[in-house]
Amino acid sequence: MSSLPDLTEAGSRRDRFEALYEANYHRVLGYARRRVGREDAADVVAETFLVAWRRLDEVPPGDSARLWLYGTARRVLANNQRGKRRRERVTERMRTNVRRSLDADGVGGELHAAAAALARLRPEERELLALVAWEGLDAGEIAQVIGCSRNAARIRIHRARRRFADELARGGGSMKRNSVGGHVSEAYE
Amino acid sequence: MSKNGNPIDALIAGLAVVRDEELKEELQTSGAALLATILVCPVEASQRTRAPRRRRRALAVAAGLALAAVLSLPALSIVRSIAGLGSGADDLTPVPTSSEIVVVSGRAGVPWKIVAVKSDHGLCWGLQVKDPSEGWTQGLGCDYLDLRGDLPPDVRGNPSRPCLTSPTEVVPCASLSRHWVDFPGDTTNFSGYDALNRIIVLGVVARGVAAVELVLTNGKTVPANLVERPHGLPLSFYWAVLPPSDGYRRTSDVVEVTKMALARDAAGRVLERRVPAWNGNPTGDPEGAPPPS
Numbered sequence: 001m002s003s004l005p006d007l008t009e010a011g012s013r014r015d016r017f018e019a020l021y022e023a024n025y026h027r028v029l030g031y032a033r034r035r036v037g038r039e040d041a042a043d044v045v046a047e048t049f050l051v052a053w054r055r056l057d058e059v060p061p062g063d064s065a066r067l068w069l070y071g072t073a074r075r076v077l078a079n080n081q082r083g084k085r086r087r088e089r090v091t092e093r094m095r096t097n098v099r100r101s102l103d104a105d106g107v108g109g110e111l112h113a114a115a116a117a118l119a120r121l122r123p124e125e126r127e128l129l130a131l132v133a134w135e136g137l138d139a140g141e142i143a144q145v146i147g148c149s150r151n152a153a154r155i156r157i158h159r160a161r162r163r164f165a166d167e168l169a170r171g172g173g174s175m176k177r178n179s180v181g182g183h184v185s186e187a188y189e
Numbered sequence: 190m191s192k193n194g195n196p197i198d199a200l201i202a203g204l205a206v207v208r209d210e211e212l213k214e215e216l217q218t219s220g221a222a223l224l225a226t227i228l229v230c231p232v233e234a235s236q237r238t239r240a241p242r243r244r245r246r247a248l249a250v251a252a253g254l255a256l257a258a259v260l261s262l263p264a265l266s267i268v269r270s271i272a273g274l275g276s277g278a279d280d281l282t283p284v285p286t287s288s289e290i291v292v293v294s295g296r297a298g299v300p301w302k303i304v305a306v307k308s309d310h311g312l313c314w315g316l317q318v319k320d321p322s323e324g325w326t327q328g329l330g331c332d333y334l335d336l337r338g339d340l341p342p343d344v345r346g347n348p349s350r351p352c353l354t355s356p357t358e359v360v361p362c363a364s365l366s367r368h369w370v371d372f373p374g375d376t377t378n379f380s381g382y383d384a385l386n387r388i389i390v391l392g393v394v395a396r397g398v399a400a401v402e403l404v405l406t407n408g409k410t411v412p413a414n415l416v417e418r419p420h421g422l423p424l425s426f427y428w429a430v431l432p433p434s435d436g437y438r439r440t441s442d443v444v445e446v447t448k449m450a451l452a453r454d455a456a457g458r459v460l461e462r463r464v465p466a467w468n469g470n471p472t473g474d475p476e477g478a479p480p481p482s
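Chains as they are written, first to last, in my numbering: chain A, 1 to 189; chain B, 190 to 482.
Extracted from the complex, chain A is given alone in its bound form (with noise of 0.2 Å):
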């Protein structure tokens, strides 16, 4: 996790706007790559940071302020990509992503059984489970971009964890039931 420099104490906003800028760039736009293609992903970029330098006085200081971008950029890809033919294209490119990482690595049948499972979940599923695994963010973080309470942020990851291993199991992933059902299941043990 990046150490930010206090946003509301810095100098001119110009000043401001670049140190969040070249500090979260990257982040931003790894958080668009990681769900559109390229051309889609600057765009959302582009308009996330727009977005920021017009409502700087909005962008909390310190890390919070990536939670902040994370937040607006999950807001301008909905609204960029809303509707099942955009969502189609979301889940093909993932399947082609995963299909080049196969091709690449070699590591076969378990991440193509996860990204089907991973796609056939709903589209808010889906993204919780991304904040957490391609983030890295913790449920507090993802409360704070997503606008919820924490404990609502928990008990969502926990859930979408639990479909997503069941539509794992259910799709005959090289993960078996019982190792990952385990695992989100003790809380009800």
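Warning: the hint list may mix true and false statements.
[Unchecked claim] What follows is a list of derived Cβ distance ranges for each label pair:
no. : chain 1 : residue 1 : chain 2 : residue 2 : range
1   : B       : Arg387    : A       : Arg170    : 20 to 30 Å
2   : A       : Gly37     : B       : Glu417    : 48 to 58 Å
3   : B       : Asp454    : A       : Gly62     : 46 to 56 Å
Hint data in this document are derived by calculation from the structure and do not stem from the laboratory. In this text the structure is predicted, and so the values were computed from the model without any measurement. Backbone N, C-alpha and C fix where the C-beta goes; we use that ideal spot for every residue, glycine too.
Given chain A, put chain B in place with the hints provided.
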């Protein structure tokens, strides 16, 4: 990328097409160009209000849907043990201070029940369903309760808990006004309730509320069932079972069932109307900004 050791997270992390670190070099090329472009964009305060109406609405929809999904049920938590839910030790694990109360139960394809238990984080409550293969679900919500009346700490919850007042502003929940009726929540848009063949709407109300009506997004108004102060709890629960599809408003991936909850006293007077919250109206004020459509 996630480093919490959860095997699911590790597996999903492996699906990422690119890591942030791999993109740092682009800061010197496309990133620098973008920065230069943005820095010459106007930033006057009225910029946002002058944004195209369609775009403002679309952004509002995105924000609204995000929070609507979050707030459709009481924020959920696990009462007994939180191991396996997060990324390690958690200081927010609620500790029950009472036995479990079954407020009401029924069957909608599968058995369901509304359950409540007092805890050091306030009242934990919610809907549990009996999955045919996995048994009863266990999630309960333990958020701060903003209902009127004197509620003990193990019902009210933590007054310093953060509450949204705008999409970006958080204040202690206790600083917000109190209400007669809680947001109506329902079982749509959540996994875990797939086995139900009906939609169940539920919520809590303060003492003094004698009736609750639900104004649905399909234009209908239905009376909710009321369970008054079950097992001596200082609040009441309302609930209704609705058809799974009855012309409810659907926006993208989200089904919106309830438009408003209306609380009446014993004389039939309206005590309060409350609408589902969204980012632009986090307190569910019926006079506040309506959810985007």
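The hints, checked one at a time:
1. Arg387(B) / Arg170(A): 20 to 30 Å: holds, 24 Å
2. Gly37(A) / Glu417(B): 48 to 58 Å: Holds: the Cβ-Cβ distance is about 55 Å, inside 48 to 58 Å.
3. Asp454(B) / Gly62(A): 46 to 56 Å: Between Asp454(B) and Gly62(A), where Cβ atoms are some 47 Å apart, the hint holds.
Checked against the numbered hints given earlier, this structure breaks none of them.
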